[in-house]
Amino acid sequence: MGMLDGMVSWRNSLQRKAWRPYIEASLLLETRLDEDLQAVSGMTLKDYNVLLVLSESPAHRLRMGELAARMVFSPSRLTYQIKVMERRGWVLRQVLPDDKRVHHAVLTATGLEALHEADRHHIATVQRLFTDGLDEDELRVLARVFTRLQDQLQDRPEQDSASGGDAEPDRSDR
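All residue numbers for the sequence shown refer to the UniProt record's numbering, where the first residue is 1 and numbers rise by one.
Don't take each hint at face value.
[Claimed, not checked] Below, in silico cross-link-like pairs of lysine-lysine (DSS-like), each with a Cα-Cα straight-line distance of 30 Å or less:
no., residue 1, residue 2
1, K17, K46
2, K83, K46
3, K83, K100
4, K17, K100
Hint data in this document are derived by calculation from the structure and do not stem from the laboratory.
Based on the sequences and whatever the hints tell you, model everything.
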């Protein structure tokens, strides 16, 4: 059997035309945002996103498992990330007194201040690199498309790539 036997190919050229620029642009954008944040604030994009998620959470705290899911991190990756951020004084790990198995990540005042300081420059960079080059209709389309993709991916984390992914997610509880 040859190397190309059994390979999956694009269903049509439009799929490839949509995918390639998306993946390349998203990687470039993430790299540029991360480099810019580090240069200006000493904070990585992952640091920023953890602080942002915690700042938007009730009482600025989340269970570690929930934060890992929101960040799309493995539990061990999140534990490492939180340890690094604890050393900077941005977050604390707290154990519930009534259940020692439950750990929370908690945003500190120092972390909130660091987020606000980074926000000033980061939002301007996002606008310069991403939103300023698009008109309102394009932004609406992107918001709609990426919200739908996010919903599909969050609804079906167990989706096996071998199944083809054509099934509609169950949205009966929405």
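Checked hints:
no.: 1; hint: K17 - K46; verdict: 29 Å, holds
no.: 2; hint: K83 - K46; verdict: 13 Å, holds
no.: 3; hint: K83 - K100; verdict: 18 Å, holds
no.: 4; hint: K17 - K100; verdict: 51 Å, violated
Hint 4 from the earlier list is the only one contradicted by this structure; the remaining hints agree with it.
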